[in-house]
Amino acid sequence: MAIPAPDGTPPRAHEPETWALRALGAATAEASGALARRMRMHPTELSAMSHVAASDGRLGPRELSTRLGITPAAMTDVVDRLEAAGHLLRERDTTDRRRVRLVPTESAATEVRGQLRSLLDRLDALTGEFTDAEREAIHRYLQAATEVYHRFATDD
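Taking full-length UniProt numbering as reference, the numbering of the sequence shown is continuous, increasing by one, and the terminal residue is 156.
Where hints are given, some of them may not hold.
[To be verified] Derived Cβ-Cβ restraints for the label pairs, each shown as a range:
1. GLU106 / LEU68: 50 to 58 Å
2. LEU142 / ARG97: 32 to 40 Å
3. ARG99 / ALA20: 17 to 25 Å
4. ARG98 / LEU68: 19 to 27 Å
5. LEU119 / ARG40: 13 to 21 Å
6. THR105 / GLU136: 17 to 25 Å
7. THR76 / ALA125: 39 to 47 Å
8. ALA84 / LEU120: 37 to 45 Å
Hint data in this document are derived by calculation from the structure and do not stem from the laboratory.
Heads up, the beta-carbon is just placed ideally off N, CA and C, and yes, glycines get one too.
Modelling step: build the complete structure from the supplied sequences, incorporating the hints.
Here it is, written out as structure tokens:
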């Protein structure tokens, strides 16, 4: 099923896959809001945790505040709340002791996996409906689209 362009959009303004990817982004944001509610977190806290989890322990509070578009002082409050709730640890960087790295706790990772299990199981089942060649094309497209989004986020 093709995703229609918003009303008033000139024909062929963007490819159907681009509209589908935008619709996926909106659905992902909606699911993130639901996850935040289920975990009794503010959406900013969940967003912070998502960035920290994806960083493999390389992200500090200052970089995180830049990514989320909030002040370092507000980021300190977010990190304090996440640490107090047992979701996050502050660790000293082993190569630069002045630097603090943010790391999710194992209990937070376990809780998120539990909350997302049904969603991820359904997505895995959906993946099984495609041929290997289709899956390879989908994978290539999603990887390339992810890189485009990352470049957009870092192009100032």
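Of all the hints given earlier, name the ones this structure violates by number, lowest first.
1, 3, 6 and 8
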